[in-house]
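There are 2 protein chains.
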Amino acid sequence: MTYAVGMRLNRGLVFMSDTRTNAGVDNISTFNKMFNWTIEGERFITLLTAGNLATTQATVSLLEERTKAPADRSPSILEAETMFQVAQLVADTLKDVIEQHGCAGQQADSAFHATMILGGQIKGGPSRLFLIYPEGNFIEASEDTPFFQIGETKYGRPILVRAFDPEMSFAETVKLLLVSFDSTIKANLSVGAPLDLSFYDEDSFAAGKRTRFEADDAYFRTISDGWGDALKSALSKLPAYKTE
Amino acid sequence: MTYAVGMRLNRGLVFMSDTRTNAGVDNISTFNKMFNWTIEGERFITLLTAGNLATTQATVSLLEERTKAPADRSPSILEAETMFQVAQLVADTLKDVIEQHGCAGQQADSAFHATMILGGQIKGGPSRLFLIYPEGNFIEASEDTPFFQIGETKYGRPILVRAFDPEMSFAETVKLLLVSFDSTIKANLSVGAPLDLSFYDEDSFAAGKRTRFEADDAYFRTISDGWGDALKSALSKLPAYKTE
Numbered sequence: 080m081t082y083a084v085g086m087r088l089n090r091g092l093v094f095m096s097d098t099r100t101n102a103g104v105d106n107i108s109t110f111n112k113m114f115n116w117t118i119e120g121e122r123f124i125t126l127l128t129a130g131n132l133a134t135t136q137a138t139v140s141l142l143e144e145r146t147k148a149p150a151d152r153s154p155s156i157l158e159a160e161t162m163f164q165v166a167q168l169v170a171d172t173l174k175d176v177i178e179q180h181g182c183a184g185q186q187a188d189s190a191f192h193a194t195m196i197l198g199g200q201i202k203g204g205p206s207r208l209f210l211i212y213p214e215g216n217f218i219e220a221s222e223d224t225p226f227f228q229i230g231e232t233k234y235g236r237p238i239l240v241r242a243f244d245p246e247m248s249f250a251e252t253v254k255l256l257l258v259s260f261d262s263t264i265k266a267n268l269s270v271g272a273p274l275d276l277s278f279y280d281e282d283s284f285a286a287g288k289r290t291r292f293e294a295d296d297a298y299f300r301t302i303s304d305g306w307g308d309a310l311k312s313a314l315s316k317l318p319a320y321k322t323e
Numbered sequence: 080m081t082y083a084v085g086m087r088l089n090r091g092l093v094f095m096s097d098t099r100t101n102a103g104v105d106n107i108s109t110f111n112k113m114f115n116w117t118i119e120g121e122r123f124i125t126l127l128t129a130g131n132l133a134t135t136q137a138t139v140s141l142l143e144e145r146t147k148a149p150a151d152r153s154p155s156i157l158e159a160e161t162m163f164q165v166a167q168l169v170a171d172t173l174k175d176v177i178e179q180h181g182c183a184g185q186q187a188d189s190a191f192h193a194t195m196i197l198g199g200q201i202k203g204g205p206s207r208l209f210l211i212y213p214e215g216n217f218i219e220a221s222e223d224t225p226f227f228q229i230g231e232t233k234y235g236r237p238i239l240v241r242a243f244d245p246e247m248s249f250a251e252t253v254k255l256l257l258v259s260f261d262s263t264i265k266a267n268l269s270v271g272a273p274l275d276l277s278f279y280d281e282d283s284f285a286a287g288k289r290t291r292f293e294a295d296d297a298y299f300r301t302i303s304d305g306w307g308d309a310l311k312s313a314l315s316k317l318p319a320y321k322t323e
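Taken in order, these protein sequences are the chains called A and B. Note that my numbering numbers the first sequence so that position 107 is 186, with each residue one more than the last. Note that my numbering numbers the second sequence so that position 122 is 201, with each residue one more than the last.
One or more of the hints may lead you astray.
Each pair may be met inside one copy or between any two copies, as identical chains are not told apart.
[Stated by the list, open to error] Calculated cross-link-like contacts (lysine-lysine; reagent style DSSO-like; alpha-carbon spacing at most 30 Å):
hint: 1; residue 1: Lys-202; residue 2: Lys-311
hint: 2; residue 1: Lys-265; residue 2: Lys-316
hint: 3; residue 1: Lys-265; residue 2: Lys-311
hint: 4; residue 1: Lys-311; residue 2: Lys-321
Quick caveat, the hints were computed from the structure, so don't treat them as lab data.
Work the whole structure out from these sequences, hints included.
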C-alpha cells in the first residue's frame, strides 16, 4: 500500500508520501514514491505514485528517459507547454505500461494498476494539481476539492476534510499532513515512514524544499505523541451528552 | 454499507449503529441494524449487523423465531447458558444463512456475506463482546482490543484509537461515538443517520437505555458543527513546524 497527498494552497503546492512497499506483510521495503523535475525559472513538476511498484517505476523511468535520450525526447514532460499536456503525457505513459504488463500473458485483476498525483507549474500558467487514474484519464483539483489522496486514503481523510484551509502556511500544512499520516500509519502496517515532503512556492519556478521525516524524527514524534492528548482535550471541550 | 461500533467499558457495554442500507447510491433505505433481547434479572443481549440485508434479516429472524416457537426453541439465545454459547448460536445461524443463499444457484462473490457484533451479559458471567465473521467463527474483545467496528470502519477509527478509554462514562462515549460516526457519514454516502445507540450497565441484567439520533438531532448537530473548530484548535496547540 501507500499513502500520499497533494494539496493546492494559495501559496503553492505541498506533497507528502510514505515510502513503504509490500508484497505481503512479510516482505516490505522502502522505495521513493515522490519524483521532482525542475527547470529553474521555467517549470516545476512533482509526481506521487501509488500502486504496483513495477508499474510506477516503469512509468517514471519512461518519463525520465524521455527527458534524457535526445532521439526520444519528444514529447517530454520537460517540453510540454502546459501542465495539462504534462498530465496527458504521464497518464498515457501509465496506461501504456499497464496495458503492456496486462497483455503479457499474466492476468491478475488490477494487480498492475497504479494511481498518481501530479502537480506543478509551467511559466505562463498557474500551478495545477491532477489525480491520474490507471485508465489513463485524470481529474484536476479545484477550489471545492483542493487536495487529492492516493493509496490508503480513509484513515487520514477526516482530519484533512475538517482542518484543510487554502490559506494555510506551509508550516501548518506539515503539521496537518503529519497528523493525517500518523493516523494512517497507526492503522495500516503497509504505510510507513520515512515520509517525504516537498513544497512548491507559487510562481517560483524553482525546486521547492524537500525533506524526509524518519520514523524517529523529533518533530514527527512530538506530533504523533501530542495528538492523542490534543484530541482528548478537543473532545472534552465539546458539550457533554446528557444521559438522562 | 453500514457503520456500527460495540465497546466494552468498565461500567458496561455501548453500541451504536447507523441505519442506512443501499443497493447502489440511487436506492437507499432506512433499516434498523441493532437488535436487543432482554430477560429482566437474567440476561441482556445486543446484536449489530453489517453486510447483506437479506442475510442479516434472515439471521435475526431465525434467532427471533427460536425465541418464540416452542417446538423450535432449543437451542435459543434466550436459553444458552453463556455468552460464548450465544455467540456460537449466532455464528452458526449466520453461516447457515449464507451457505443457503450461496448454494441456491446464484454465485456472487461475498455478496451474501455479513459481519456482526454481539455483546451482552448472562447471570453468572461478566459482560462479553464478540465480532462474528461470515465464516461462522468469531473473536472476543479484550483489554488490548476493547471495541469492534463493522462495515465502513476506516474513517471513524483514528479518533477511537486515540480517545477510547475503558474508564469513560456513557456520556463521554456518546460524544466520542458521534464524532466517529460523523467523520464516516461525511466521507461515505452509504452510511447515514438516524443513528441508534444503546447502553448496558454491567450487572444490571436489564434493558439499557436505547436512543435514536436523527440527522437534525440538536446534540448531534452541536457535535458535528463543533468538531471542525475543536480539531483546528487542537492542531493549533501542537508545536509549529519550522520550515527554515
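Check each numbered hint against the structure and report the violated ones by number, ascending. 1
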